[in-house]
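Protein chains: 2
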Amino acid sequence: MTKPEQRRRTAKHRLLQAADELFYNEGIHTVGIDRVIAHAGVAKGSLYYSFTGKDELVHEYLTHRHGKWAERVTAGIEAHTDPRARILAVYDVLGTLFAQPDYRGCAFMNATAEAAPDSVEAQAATTFRAWVHKLFLDLATDGDTDDPKQLAETLVLLYDGAVATAQMDKAPEAARTARRTAELVLDNAGMPHVKAGAKAL
Amino acid sequence: MTKPEQRRRTAKHRLLQAADELFYNEGIHTVGIDRVIAHAGVAKGSLYYSFTGKDELVHEYLTHRHGKWAERVTAGIEAHTDPRARILAVYDVLGTLFAQPDYRGCAFMNATAEAAPDSVEAQAATTFRAWVHKLFLDLATDGDTDDPKQLAETLVLLYDGAVATAQMDKAPEAARTARRTAELVLDNAGMPHVKAGAKAL
DNA sequence: CTTTATTTAGACAGATCTGTCGGTTACCCT
DNA sequence: AGGGTAACCGACAGATCTGTCTAAATAAAG
Numbered sequence: 001m002t003k004p005e006q007r008r009r010t011a012k013h014r015l016l017q018a019a020d021e022l023f024y025n026e027g028i029h030t031v032g033i034d035r036v037i038a039h040a041g042v043a044k045g046s047l048y049y050s051f052t053g054k055d056e057l058v059h060e061y062l063t064h065r066h067g068k069w070a071e072r073v074t075a076g077i078e079a080h081t082d083p084r085a086r087i088l089a090v091y092d093v094l095g096t097l098f099a100q101p102d103y104r105g106c107a108f109m110n111a112t113a114e115a116a117p118d119s120v121e122a123q124a125a126t127t128f129r130a131w132v133h134k135l136f137l138d139l140a141t142d143g144d145t146d147d148p149k150q151l152a153e154t155l156v157l158l159y160d161g162a163v164a165t166a167q168m169d170k171a172p173e174a175a176r177t178a179r180r181t182a183e184l185v186l187d188n189a190g191m192p193h194v195k196a197g198a199k200a201l
Numbered sequence: 001m002t003k004p005e006q007r008r009r010t011a012k013h014r015l016l017q018a019a020d021e022l023f024y025n026e027g028i029h030t031v032g033i034d035r036v037i038a039h040a041g042v043a044k045g046s047l048y049y050s051f052t053g054k055d056e057l058v059h060e061y062l063t064h065r066h067g068k069w070a071e072r073v074t075a076g077i078e079a080h081t082d083p084r085a086r087i088l089a090v091y092d093v094l095g096t097l098f099a100q101p102d103y104r105g106c107a108f109m110n111a112t113a114e115a116a117p118d119s120v121e122a123q124a125a126t127t128f129r130a131w132v133h134k135l136f137l138d139l140a141t142d143g144d145t146d147d148p149k150q151l152a153e154t155l156v157l158l159y160d161g162a163v164a165t166a167q168m169d170k171a172p173e174a175a176r177t178a179r180r181t182a183e184l185v186l187d188n189a190g191m192p193h194v195k196a197g198a199k200a201l
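Residue numbers (our numbering), protein chains in the order written: chain Z, 1 to 201; chain D, 1 to 201.
Take these hints with a grain of salt, some might be off.
If you anchor each label on the Cβ, the simulated ranges turn out as follows [as the list claims (entries may be wrong)]:
1. Z:ARG176 - D:ASP144: 20 to 26 Å
2. Z:ALA122 - D:ASP144: 42 to 48 Å
3. D:ALA75 - Z:ALA43: 57 to 63 Å
In case anyone wonders, no lab produced these hints; they're calculated from the structure.
Just so you know, even glycine gets a beta-carbon here, dropped at the ideal spot from N, CA and C.
Using the sequences and the hints, build the whole thing.
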């Protein structure tokens, strides 16, 4: 709006981008739609033309966060073939996340913190958590261990621990701590070390 | 208020109690002072007579949470003398916390999620985190290990992981997962197992 | 070019939220 | 009894927040 430069993307897209930045950085309840439309450089009418209301905007914000994060994690995993390396890769991706200067924790944990039990936030958080669990359960099942389910639970806990510690203490190194501990857990579960190459990519 | 029964405790005390319940269960930004005074059965004037404003109420809410939790953890620790047992006791206390039906995560993590950088919430969270780190660093130093600092970091990560997982998945068993993993970490750090009794309390 | 979809600006309603103020009532201590 | 503190009630100001609406400008598409 500031300048009559040609409209970059659609209003809906810009709203989503503004919502992503503001909701993540400052919290969902904290940020009003006035702030969102101002940051997007868009009229208020466009928000209610593109979305049914703030709830839908929040829902799409979380959905997109989920999608982007899943892509990033999947890419990190798929760079390796060895089951053990694929698991550890998740914590390396976490490390790159924590290194971002604007890191402010998991969008779903933060949303849950201020969400009512049956809100869109809680809904999105539930499907996100299902994804996290499936992720680690699949990875753990690919390894040759006694109790992949318990292993997966432990890996999820290390994942959550890294995310929370990194946020609360502004400590990006939590990713390495989690990774180191994960290695210990994998050793204990009888997950074999890398045999040959697999440094793919 | 409902009945003219003799005033139970002071208005300030009831406000604090109401704030504790509502802020913890529903979030700080979500709950307005009208809800707080209604739940406390107290006039609005009493709030601004006892506190300078909502911020102070929030600050005292978090301070009291900190104090009560510290007491509880300390009590759990002091039931043991063996360094290893004292560390593991923390995760057992977490287990009793998660078992509470109203458990909704760490008040300080939740507060941080919706807090501005220099808010009272952020302030209280900082001193809480300092306490957590000192707690584990002291415990780790008491054990006879090579790198107590790194050990403490790992234990904090497991603590945070348990707290976060238990909240997100409504999974109280995360405490046992964290404890099990902590044992593994302690073994690896060369922390000796219980020699004799210490099953105090 | 003409129709349709998208976007804009701003005013407005209705709710809610924090904080203030004035006047009144109950309690405690001396 | 008297004086001060604590608590009450309710109304109000001012801000903010979600959502609606109108009417016009602009883009896209046939």
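Going through the hints against the structure:
no.	hint	verdict
1	Z:ARG176 - D:ASP144: 20 to 26 Å	holds, 24 Å
2	Z:ALA122 - D:ASP144: 42 to 48 Å	holds, 46 Å
3	D:ALA75 - Z:ALA43: 57 to 63 Å	holds, 58 Å
Checked against the numbered hints above, the structure breaks none of them.
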